[in-house]
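> Residues in the sequence shown are numbered consecutively from 503, following our numbering.
Here are the simulated distance ranges between beta carbons:
{"id": "1", "residue 1": "M756", "residue 2": "F592", "range": "47 to 57 Å"}
{"id": "2", "residue 1": "R631", "residue 2": "Y853", "range": "39 to 49 Å"}
{"id": "3", "residue 1": "V791", "residue 2": "P694", "range": "37 to 47 Å"}
{"id": "4", "residue 1": "L587", "residue 2": "R879", "range": "43 to 53 Å"}
{"id": "5", "residue 1": "L765", "residue 2": "L635", "range": "28 to 38 Å"}
{"id": "6", "residue 1": "K567", "residue 2": "A794", "range": "43 to 53 Å"}
{"id": "7", "residue 1": "S580", "residue 2": "M756", "range": "35 to 45 Å"}
{"id": "8", "residue 1": "W698", "residue 2": "L560", "range": "13 to 23 Å"}
{"id": "9", "residue 1": "L765", "residue 2": "L591", "range": "47 to 57 Å"}
{"id": "10", "residue 1": "L674", "residue 2": "R760", "range": "38 to 48 Å"}
{"id": "11", "residue 1": "T850", "residue 2": "G730", "range": "10 to 20 Å"}
In short, the hints are calculated from the structure, not lab data.
Where is the CB? At the ideal position from N, CA and C, for every residue including glycine.
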Amino acid sequence: MSSVISIAALLAGSGLLLLAGGLHGLLLPLAGLAQGFSDASLGLLGAGWALGFMGGCLAVPLIVKRVGHVRSFGALASLAAITVLLNLLFIDAAVWIVLRAISGFCFSGAAMIVESWLNERSTAETRGRIFGLYTMINLAATTAGQMLLTLGSASGYFFFVLGSIIYSLSLLPTALSTAASPQPLTQAKLDPKQLWRNSPIAVVAVFMAGVSNGSFGTLGAVYGRHIGLDIPQIAIMMSLALLAGAMVQIPVGMLSDRLDRRLVLVGLAVTAMSLGSSLSLIGGNDPVVTIALIAAFGGVIYSMYPVIVAHASDHAEPGDFLRISGGLLLIFGTGTMVGPLLASGLMTFTYPGALFQVTAAAHLSMMLFAIWRIRQRAPVKTEDKSDFLPVLTTAQTTTPETVVLDPRTEVDETGGDI
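Turn these sequences into a full structure, and let the hints guide you.
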């Protein structure tokens, strides 16, 4: 209990950051549609976010090294608040894409700084509890941010101003904290050869999961609007998908601890492919059926990333989990950048359900490669497996510091690169 009290302010700051991020992430595509932006432009919003997010993961550790944690967090949270308001001043798709990239940069950097404080406050005995509590708060805050849109119209100024206020409020817990600054932030680096040697299926699957999650996270609301759902229905739909993902991870994780994780991944891919194919065909004839299918779809696709990371961890040498999971994070981020571009282009030239044709193609590729790898490599024995841990992954919410906070990570005392 004392460990939770000591980090309450940091968790509050993180919750506010995720609350604003959840609101802003769902608001922009809906507001863009109301302004007449094309599906292709809305897809570029998602790609811009992913590009900025990965840029923040790479660059913010260098900024923090120069000016410190508190100043860096203040600058990033303030800039994030400003970009939300600039969306109101410049109603232009190209400007919004640039602003979305800046938002992604600020969000990832601010999240990394909060997580580095949490890492500093956690011990080997408390890290698991802190990681679990942090994941729960992030889930609740992101869901609450999306559900705020049930209270009004996405085409007005209210939610933009509210999002900016919440980003600004996230400054207070860290700005008023008397805690000493933590160690330097962890910087992710990509070593494709090491990742491929460790687990080829993890490399392919995490990229395809990024394509799927990025496409759905960016354009799911656009799909909902095109098939006739109203704003509250879309907010409920996207929130249920996220909540289902959190709930399904537990039984999926237990199953993957007992079976070959690649078989579990094949099962998830087949299920997601079937659900996606159904969604691409049914349209919006029955909103209840559509929302139920979307919830099931979210439950499946948001369960894939932690299974992939756990499988890669099974094959990692002692002390290599941090480096491998950090590399997988960058590959996942690349997928979240590519996915919205592919899906929005196909939606522009065909029909809204084409979104789920892209996700189905990604899951088919994942399934086929996993089946091939099952024939090439023996499964890991149950007693040699690492622990499965749930991870919240929407379009892009996991940073290198989240990986450090993961209890499976063996962290050195000085931080550094992964």
